[in-house]
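The sequence shown runs -23 to -1, 1 to 114 under mature numbering (1 follows the signal peptide of the UniProt record, and there is no 0).
There's no promise every hint is true.
Said to hold, decoys possible - Ranges between beta-carbon positions, derived for each pair:
(1) R47 x G79: 34 to 44 Å
(2) A13 x S81: 13 to 23 Å
(3) S2 x R47: 15 to 25 Å
Hints are computed from structural coordinates only; laboratory data are not their basis.
These numbers were taken from a predicted model, which means no experiment stands behind them.
Every residue, glycine too, gets a C-beta built ideally from N, C-alpha and C.
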Amino acid sequence: MRRILAVLALVASTFVVAPAASAESCAGVKVVVDFASLGGGVQTGCAVGDPTTGLTALTGAGFTYSFVPRQAGFVCRINSLPNPCTVPTTSAYWSYWHATPGGSWSYSSAGAGSYNPAPGAVEGWAFGAGVAPGATP
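Make the full structure from the sequences, and use the hints.
Written out as C-alpha cells, the structure is:
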C-alpha cells in the first residue's frame, strides 16, 4: 500500500496546473477596468487568444457585465457595479477605450459588441463622464 501511495504521489507531483494568464504577459487582449469613481481601483485581466468582440474580451479577462434594461448593447454594469443599474447619463456610464501597450487611450467609436480587438491590443473601461481609465495601457 505504501508503494502505491508513493507512486501516486510521484505521478501527481508531475502535473502542473497552469496559472491564469496575467495581464502583464498577456497572449491575447489585455483588459483594464477602472472602478475608481465607484469606490474601487483599477483591475486588469487577459483574454487569451483572439476574442471576436470587446465584450468577449471583457468576459474572457474574467469580468462580468450586464446591459441597460431595454437598451441592449449598452453596458450598465461590470462586475455588478454600479448597483443599482440606472439609465446612463452623460456623466455616469461605462466608457469604452482602445490602446496599444504603453500607448495612449483612444475613445471607442464602435460599440464593444461590434468592435474586434486585435491580439496584443489593450481594451479599457472606465465609469464616469468619458474619462479614460486611470492606468497606462
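Hints versus structure:
{"no.": "1", "hint": "R47 x G79: 34 to 44 Å", "in the structure": "holds, 39 Å"}
{"no.": "2", "hint": "A13 x S81: 13 to 23 Å", "in the structure": "holds, 18 Å"}
{"no.": "3", "hint": "S2 x R47: 15 to 25 Å", "in the structure": "violated, 40 Å"}
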